[in-house]
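With the hints as constraints, model all of the structure from the sequences given.
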Amino acid sequence: MKFTDLNLDSDLLKAIRRQGFEEATPIQAETIPLALNGDDVIGQAQTGTGKTAAFGLSILQRIDQDNPNVQALIISPTRELAIQTQEELYRLGQDKKAKVQVVYGGADIGRQIRALKAHPQIVVGTPGRLQDHINRRTLKLAHVQTLVLDEADEMLDMGFLDDIEKIIKQLPEQRQTLLFSATIPAAIRKIADQFMHDPKMVRIKAKELTADLLDQYFVQTKEFEKFNVMTRLFDVQNPELTIVFGRTKRRVDELSKGLRARGYNAEGIHGDLSQQKRMTVLKSFKAGKLDILVATDVAARGLDISGVTHVYNYDVPQDPDSYVHRVGRTARAGHKGTSITFVTPNEMGYLRTIEKLTRLRMQPLKAPSAKEAFQGQLSSATSSIHELIDGENLTKYEAQGEQLLDDYTPLQLAAALLKTISKDDAAEVPVKITPERPLPRRNGGHHNGGHHRNGGGYRGNRRYDHNRHGGHSRSRGRENRYDRKKRFSHKKGNQNYSVRSHG
DNA sequence: AAAAAAC
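Be aware that the first sequence starts at 1, since it is given in the working numbering, and climbs by one per residue.
Calculated from the structure, these hints are not laboratory results. Don't take each hint at face value.
Think about it this way: if two alpha-carbon atoms lie no more than 20 Å apart in a straight line, the pair counts; the simulated EDC-like pairs of lysine to aspartate or glutamate are [to be verified]:
no., residue 1, residue 2
1, Lys371, Glu355
2, Lys277, Asp297
3, Lys286, Asp297
4, Lys99, Glu87
5, Lys257, Asp304
6, Lys283, Asp304
7, Lys190, Asp162
8, Lys257, Glu436
9, Lys14, Asp64
10, Lys257, Glu240
11, Lys117, Asp66
12, Lys432, Asp253
13, Lys257, Asp272
Structural data, given as structure tokens:
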């Protein structure tokens, strides 16, 4: 179905066209007519199916841009998702001149208050800060016509039920409610019974998340050698846009620090970082200035980052849903993706459970040997140097003869090669990652025993003192494209050592 | 058991 068949305003069609969309996704094709008709809708769909535009377009169509009141409210589980939703609505609503404001915690509330005074017609936010604005009476919801509960199952899991109920009580009874959720457990049904009127179900078949586009692997490895195995895999695969998921915030800190110590271009993101930091990290990852994003599950759901090639699960995810969401960050929009999950021998049961419940299969992958990793590094360095001398400027260099020697002496080229492979290089920095407490037993449903408090001696917290080696960055950031002299490190290529050859 | 979310 094409967007032009959906009875949308020319303003919206213009925005859609400008973004290069033509075909509506299944969730859009089914949801938009219902929502335009004013029906309540329960949409069962994973992220990445285009559900933001599904509710966004119908909201924008029904908005009265001459009415200064807040007419639509969208509640999101995480700040990043709220920001992303606001951005998408802004893009779709530009020609319509509808104002969209996002509010979330960890950011200056004064600025948000001023922005809310400027009369946005659509407000996107996270539960806590929305509640805060409501209490301060800086957000008035008396004229809201449409409420969207995005990632509703997620919000319930996070314990937002109370907040959401409180917010809903501020809304007019006469309104439209759109609820989106990947799963529809009993608790969601209850919310629907309580707060929705004769909702229409739109169900998108659990997107065959896989098969052709996503290559899923697992690597069996002992806890203490995981980190080394991971960097070897990086050396073999040359990650460009890679997300590494860790189980805890502390782990994410240690992993990103360790990766930087070994010269990888990595940054961490989790809920204890300032919102400022979270935003800059995500932004630079999206812009390709960062090769590796190390994240807790804060980044597992809903985030749409184009071009992610690899997802690593440094630890087996706690629950199957988490696995599905994490690996769903790659293989998006028709692109291929690879996921690699590390599993210790006694966690194999978890892996099998995930496979069973998600009906997904992971292929075993052998950890690369040190030699293979070394060859991977060598190959990267070689292709870097090749790029220096015969990349886009080959013809120029050929025409100018000795110009090459002026720019890069053979000594410099040799040094570049050596730097990448040298024993003194950052690649050799030993990194110690504090072992995590093992996962609780799956059966029985109750966490018996094992209730040590955090820091009860278990996390002995011996920090490794990394030698830092300044200067040598493995960044292949796109912004450095023309800064050739600095770019002595690897570049992609290296197909020979692709992970698929082990499959 | 952990993560997310309001100061």
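Legend entry - Given hint Glu240 paired with Lys257 - CA-CA distance at most 20 Å: Cα-Cα ~18 Å, so holds.
Inset, instruction - For the pair supplied as a hint, Lys190 and Asp162, confirm whether the alpha-carbon distance does not exceed 20 Å. - result: holds (14 Å)
Inset, instruction - With a cut-off of 20 Å on the C-alpha distance, tell me whether Lys257 and Asp272 pass. - result: OK: Lys257 and Asp272 at ~16 Å, within 20 Å.
Legend entry - Lys117 paired with Asp66 [C-alpha distance capped at 20 Å]: Holds - the C-alpha atoms of Asp66 and Lys117 are around 15 Å apart, at most 20 Å.
Legend entry - Pair hint Lys257 and Glu436, alpha-carbon separation not exceeding 20 Å: holds (17 Å)
Legend entry - Pair hint outcome, Lys286 versus Asp297 [Cα-Cα no greater than 20 Å]: The given pair, whose Cα atoms are some 17 Å apart, holds under the 20 Å limit.
Inset, instruction - Quickly compare the C-alpha distance for Lys99 and Glu87 to 20 Å and report which way the hint goes. - result: Satisfied, since the Cα-Cα distance of roughly 11 Å is no more than 20 Å.
Inset, instruction - Decide if the proposed pair is consistent with the structure: Lys14 and Asp64, CA atoms, cutoff 20 Å inclusive. - result: holds (18 Å)
Inset, instruction - With a cut-off of 20 Å on the C-alpha distance, tell me whether Lys432 and Asp253 pass. - result: Between Lys432 and Asp253 the Cα gap is close to 12 Å, so the pair holds against 20 Å.
Legend entry - Distance restraint between Lys277 and Asp297, which requires alpha-carbon spacing of 20 Å or less: holds (17 Å)
Inset, instruction - Decide if the proposed pair is consistent with the structure: Lys257 and Asp304, CA atoms, cutoff 20 Å inclusive. - result: violated (25 Å)
Inset, instruction - Assess, step by step, whether the Cα of Lys283 is no farther than 20 Å from the Cα of Asp304, and give holds or violated. - result: holds (12 Å)
Hints 1 and 5 from the list above are not met by this structure, while the remaining hints are.
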